[in-house]
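From first to last, the protein sequence lines are chains A and B. Residue numbers for the first sequence follow the numbering used here, so the first one is 1 and each next one is one higher. Residue numbers for the second sequence follow the numbering used here, so the first one is 1 and each next one is one higher.
These are computed hints drawn from the structure, not numbers from a lab. Treat the hints with caution; some may be incorrect.
Copies of the same chain are indistinguishable here, so a pair counts whether it falls within one copy or spans any two.
[Claimed, not checked] Derived DMTMM-like pairs: lysine to aspartate or glutamate, alpha-carbon spacing no greater than 25 Å straight-line:
#1 436 / 349
#2 82 / 140
#3 170 / 371
#4 21 / 386
#5 21 / 65
#6 174 / 67
#7 192 / 71
#8 310 / 191
#9 47 / 398
#10 350 / 133
#11 136 / 84
#12 136 / 46
#13 22 / 433
#14 304 / 340
#15 350 / 33
#16 171 / 84
Predicted, not measured: the structure shown is a model, and the values here were computed from it.
2 protein chains.
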Amino acid sequence: MEDGIMKNNGRICLDYSGILKKTIAEEGLSPREIKKYAPAVKKAVEKLTLRRASGSVGFADLAGDSENAREIQKYVSSVRGKYEFLVVLGIGGSALGPRALIDALAPPFYNFRSGSARHGWLKIIIADNISPEFIKGLFEVIPLTRTLFNVITKSGSTSETLSVFSIVRKKLAKRFGNDWKRRIVATTDADKGFLRDFVWKNSLKAFSIPSNVGGRFSALSSVGLFPAACAGIDIISLLEGASSVDKLCFGSNLFKNPSAMYAALNYIYYGRGRRINVFMPYHEGLATFSDWFAQLWAESLGKKENLLGKNVFVGPTPVKAKGVTDQHSQLQLYTEGPQDKLITLLSVDKFTSVKIPEIGDFVFSGRDLRELFRAEEIGTKLSLLEAHRPVLSIKMPEVNAFFLGQLILMLETATAVYGEMLGINAFNQPGVEYGKIIAKKILAGKKVESAVKGVEKYCV
Amino acid sequence: MEDGIMKNNGRICLDYSGILKKTIAEEGLSPREIKKYAPAVKKAVEKLTLRRASGSVGFADLAGDSENAREIQKYVSSVRGKYEFLVVLGIGGSALGPRALIDALAPPFYNFRSGSARHGWLKIIIADNISPEFIKGLFEVIPLTRTLFNVITKSGSTSETLSVFSIVRKKLAKRFGNDWKRRIVATTDADKGFLRDFVWKNSLKAFSIPSNVGGRFSALSSVGLFPAACAGIDIISLLEGASSVDKLCFGSNLFKNPSAMYAALNYIYYGRGRRINVFMPYHEGLATFSDWFAQLWAESLGKKENLLGKNVFVGPTPVKAKGVTDQHSQLQLYTEGPQDKLITLLSVDKFTSVKIPEIGDFVFSGRDLRELFRAEEIGTKLSLLEAHRPVLSIKMPEVNAFFLGQLILMLETATAVYGEMLGINAFNQPGVEYGKIIAKKILAGKKVESAVKGVEKYCV
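So here's chain A without its partners, still in its complex pose (with noise of 0.2 Å):
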């Protein structure tokens, strides 16, 4: 098509022409600037494939793991027809990673279809907080006979995620007596932690999450593929689609690598004081993948030290927005606003066809809803473009498992190459300790030191 959104029917690809300088003058990059960064992105690959030879960066091996998705498909299938709704208690990667993948790839609207239209397979609830009247909500919504329950915690020990389980595990008990066993799969680390202590003293269903690969990296481990199969998605397919880009994706030349080159143009765009990375998926099934990739990105890059122990201060802001929803919200700020952003699109080939019947002399009578679509797509791009923003394009070729597996290992390994860049452990999560420390001590009792003397004095 003439207006950059070229089709890719074998895989995703990264199409960035919208950050050339012949398309968008002095905030643009030439071919040459960008290629005197071919060698550090080459040695940042290099850094992120020894980790992972090693054993220690462990997220993209896990597409590898077929057999682990059989046993778990194998499970599923005993559970289909059985329940109703599958209730994935987790916070954090343990419920973005599967409600990306059922949003994106279970029918629109599925908790709304009926169980014959579901085809047996499980409406998906995901309870991703402790807001007490959500969970007092819940219990008033779910069937509890035909409901089964999913907790996950990559630790073991997250405290939201088991004080909602101590309450479900009750109310089993209560109801089911010792048949309580039964309603409940655990996802959790192999071999540690308090849920696979309790799992080992209950004899309970359970799944293994690989112990170097981390929440948030962890969509493609029991994490995600339980949920997601839970409600009939291809997740060998998913993990097929991952695969299939792996070799692509540890390419060490930047120009022929689609994760080497996002890690390397946000690189380049931060250093020039773009620290706000706009990702608007043009689907609406795909608009809490944006979620799971700003959990992916912010509590990756967002650090204080480097791996020198030096305060570097660093982190790019994902910012969430969908096509063409957000267009009536958030894309005047990004055409007129500060030139402070680097914005990813992320487009999708096929859509189905939707009809637009007459209505008088409305504009788009006898059109097609996917051609409204694809044209707002390209008004919206041509639009940032004419404003001078930069543009990344994430193309692909179809929503479906295959695709999205490809889209997540070429996002997770984009990830922990900019972390390398960047020179810090993308891997870790030190700046969340502080709070966990504080909320206990209130919890036991124990004095808070106030913030402000007098508070009161500041309230308006």
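Got chain A; can you put chain B on it based on the hints?
Same frame as chain A, but now just chain B:
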């Protein structure tokens, strides 16, 4: 409480102790520094008050129109129990306002509840995208016989909304003949636009949006009120809440006006390079309230030109987060990343009690979910302050219609005051026109100039 989370049972308030020098040292402000802005704020409030008095800015007068609210309630009582679903067709302000109201004020998991548990109020689906799979899916799940449609567009000509509306109208006409007319309620400008003409021609039921109220400021107009009332929300109380803080929010003394103080502190920190505004409610039901706020903030304040026609390229970037969930996603970046953010925590005083039962030697056994929730909120705030990050706390005694009405008016007024301080027009959105023109060109088959020649060369 010693943590700086003060009770205020009469109304919402803004606690700015988290931005003081004595709290966060050099990243903070002294009361004297804040006071320097008092004259500018006074002027901004006065300008806004003049615009309001002249009738050009109407949002703050919506709260006084209880007559309209009662008319809506009367109509809603005629459809209550008769329909199962209300489907809202709208985008941008026509979707974000209704959704925020319903998610905050209807019972949690509202659409999962049975008709009797809903007391006959209607389930609500807000269809705010034209993603083809999404619209196709909508018609696969809603029972057409038991669905009422509310088509909302201020201008009466929003392409996306009218496209889906024409699909709906045809389906209804095919199924119910001339009776299609009784299954549609239109919300649009009182006097003009395609939809208003269509309403007249077909004698449809319709509610009006005052011409001096823009989409993103329309939550308290029929746009928000009708869907909210269909979900059983007390819209009179919502308006009363807003009215109750009208005088407060239009007061000219910075230190006595939470809207003015919120605007001023955001303005000051924007000037200090903090262009990112994280908005983080601690309440699951307020998660989509952040989306409403994000549109209000981004579209009102993101502007290329000031009122004198000078290029300024100004605008803070709102970022949505929710507590406690996003402690496991965004918080790492906010505590350790760059000093480029101003964070607003939206804090609720009153929560329901949910006991956490015993489960082995789990540390929170026997506690209450709301204790844990609150302790984590305090932990988050203190960890941000410890890292010298400026934090504003908006405090809400309870999430109900009255206090939500207060919050809406407070933030709308703050946005308008901030706009006055920036010297920009907070009530237009010129930056989204270009994309619309391009989209129409494409659909008309006209040639759109390619952004880049040979785009294939720049795909990885």
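Problem set entry | Status of residue 84 relative to residue 171 across identical chains (alpha carbons, at most 25 Å) | Within one copy, since 18 Å is at most 25 Å while 31 Å is not.
Exercise. Between copies, within a copy, both or neither: which fits residue 136 and residue 46 at Cα up to 25 Å?
Worked result: neither (49 Å within a copy, 46 Å between copies)
Exercise. Is the C-alpha distance from residue 170 to residue 371 at most 25 Å within one copy, between copies, in both cases, or in neither?
Worked result: between (52 Å within a copy, 19 Å between copies)
Exercise. With identical chains treated as interchangeable, where does the CA-CA distance between residue 436 and residue 349 reach 25 Å or less: within a copy, between copies, both, or neither?
Worked result: Result: close only across copies, 20 Å inter versus 44 Å intra.
For this session: Give the relationship of residue 82 and residue 140 under a CA distance limit of 25 Å: within one copy only, between copies only, both, or neither.
Result: both (20 Å within a copy, 24 Å between copies)
Exercise. At most 25 Å between C-alpha atoms: does residue 350 with residue 33 qualify within a copy, between copies, both, or neither?
Worked result: neither (34 Å within a copy, 56 Å between copies)
For this session: Pop the pair residue 350 and residue 133 into one bin, within, between, both or neither, using alpha-carbon distances up to 25 Å.
Result: Between copies, since 10 Å is at most 25 Å while 40 Å is not.
Exercise. 25 Å Cα cut-off: does residue 21 pair with residue 386 within a copy, between copies, both or neither?
Worked result: within (12 Å within a copy, 42 Å between copies)
For this session: Have a look at residue 192 and residue 71 and pick one of within, between, both or neither, based on CA distance no larger than 25 Å.
Result: For residue 192 and residue 71, the Cα distance is within 25 Å only inside one copy (21 Å; across copies 61 Å).
Exercise. For residue 304 vs residue 340, is the C-alpha pair at or below 25 Å within one copy, between two copies, both, or neither?
Worked result: both (21 Å within a copy, 13 Å between copies)
Exercise. Is it within a copy, between copies, both, or neither that the alpha carbon of residue 310 lies no farther than 25 Å from that of residue 191?
Worked result: Classified as neither: same-chain Cα gap 34 Å, cross-chain 63 Å, threshold 25 Å.
Exercise. With identical chains treated as interchangeable, where does the CA-CA distance between residue 136 and residue 84 reach 25 Å or less: within a copy, between copies, both, or neither?
Worked result: Both, since 19 Å and 24 Å are each at most 25 Å.
Hint compliance for this structure: hints 5, 6, 8, 9, 12, 15 are broken, all remaining hints hold.
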